[in-house]
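Engineer: Here is how the chains run, residue by residue.
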Amino acid sequence: MDGQTDTQSRVLTMTRSFDAPVPLLFKVWTQPEHMARWWGCAGSTVESAVADLRVGGTYRVVMRLEDGAMHRVTGVYREIDAPNRLSFTWAWEDDDGDLGHETVVTVSFEAAGAKTLMHFRQAIFETAEMCMLHNQGWTASFERLDDYAPATH
Amino acid sequence: MTASDHLSATFQALADPTRRAILARLAKGEMTVSEIAQPFAISLPAVSKHLKVLERAGLIRRGRDAQWRPCALDPAPLKEAADYIEAYKQYWSNSFDRLDDYLRDIQKDDPDGRTN
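Line by line, the protein sequences are chains A and B. -1 is the number of the first residue of the first sequence in the numbering used here; add one for each residue after it. 3 is the number of the first residue of the second sequence in the numbering used here; add one for each residue after it.
Simulated from the structure, these hints should not be mistaken for laboratory data. By construction, the Cβ of each residue, glycine as well, lies at the ideal position given by its N, Cα and C atoms. Mixed in with the good hints, there may be bad ones.
As the list claims (entries may be wrong) - Calculated from the model, a selection of chain B residues having no Cβ within reach of chain A, i.e. all distances over 10 Å:
id, residue
1, Glu32
2, Pro47
3, Ala48
4, Gly60
5, Arg64
6, Gly65
7, Arg66
8, Pro72
9, Ala74
10, Asp99
11, Gln109
12, Asp111
Claimed, not checked - DEER-style ranges, computed between Cβ atoms:
id, chain 1, residue 1, chain 2, residue 2, range
13, B, Gly31, A, Trp90, 32 to 40 Å
14, A, Val48, B, Ala29, 41 to 49 Å
15, B, Lys81, A, Gln29, 21 to 29 Å
16, A, Gly66, B, Glu88, 45 to 53 Å
17, B, Arg58, A, Trp90, 20 to 28 Å
18, A, Ala67, B, Glu57, 27 to 35 Å
19, B, Asp102, A, Ala80, 16 to 24 Å
20, B, Asp18, A, Thr43, 40 to 48 Å
21, A, Asp50, B, Glu32, 34 to 42 Å
22, B, Glu57, A, Gln29, 42 to 50 Å
23, A, Val53, B, Lys110, 51 to 59 Å
24, A, Glu31, B, Glu57, 23 to 31 Å
25, B, Ala78, A, Asp17, 24 to 32 Å
What the hints assert, rightly or not - Straight-line C-alpha distance at most 30 Å; calculated DSS-like pairs for lysine-lysine:
id, chain 1, residue 1, chain 2, residue 2
26, B, Lys91, A, Lys113
27, B, Lys54, B, Lys81
28, B, Lys30, B, Lys51
29, B, Lys30, B, Lys81
30, B, Lys110, A, Lys113
31, B, Lys81, B, Lys91
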């Protein structure tokens, strides 16, 4: 199955099944040599990947797009519970080394027979309303935003 | 401001419940500061402060009339923020497709999944 946006929550959530055991999933998410093989969008390649896998440790992945543009993403590990759960901050870094809007990524792995069910969350939104804005048309969203805002009642 | 700075300003502005409520009121149409302030149990200066944050984030536009300065909602930054999640969804879907292929590849030579 593919990703879905959870309309009820404040985060982008995706659930996906992989044909691999839980420890291997954890490994490919946390070891730079494995991260380098799949991180990034279609057509991009990873130029370098480093990860200091401990709470407070940082990771940094540099990706090269087909047009030669370089994208850098970096963050700090917040929670490491091998091989079940991992949480880290996520921010794009611009050419001056300044970080963009920070989000928090949490992934957990659940054994399902020989497969692994991966639960992915990215806390992009600071409010539930933002998710509604994404899922409804603008007008409908503003109506819901109105209902949601307690101070207006 | 860069695109990501804009986005940070948007999210920061939206993080406050009073500011969200102000936006909700403005979704109904243009209003003056005192009209906006009416349902809130806070002072006019406090409302003005919130309006300044919203204006800085580009979420509202204010009229030139110094005395009335009516406020109106500007949905563009909200749209930008919504596009942001869609972009991330695409991004991760792509990565997970690659991960799927990669896991298949590395397990071909190592059916037990003990790959290092």
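Engineer: Which numbered hints does this structure break?
Structural biologist: 10, 11, 15, 16, 21, 23, 24, 25
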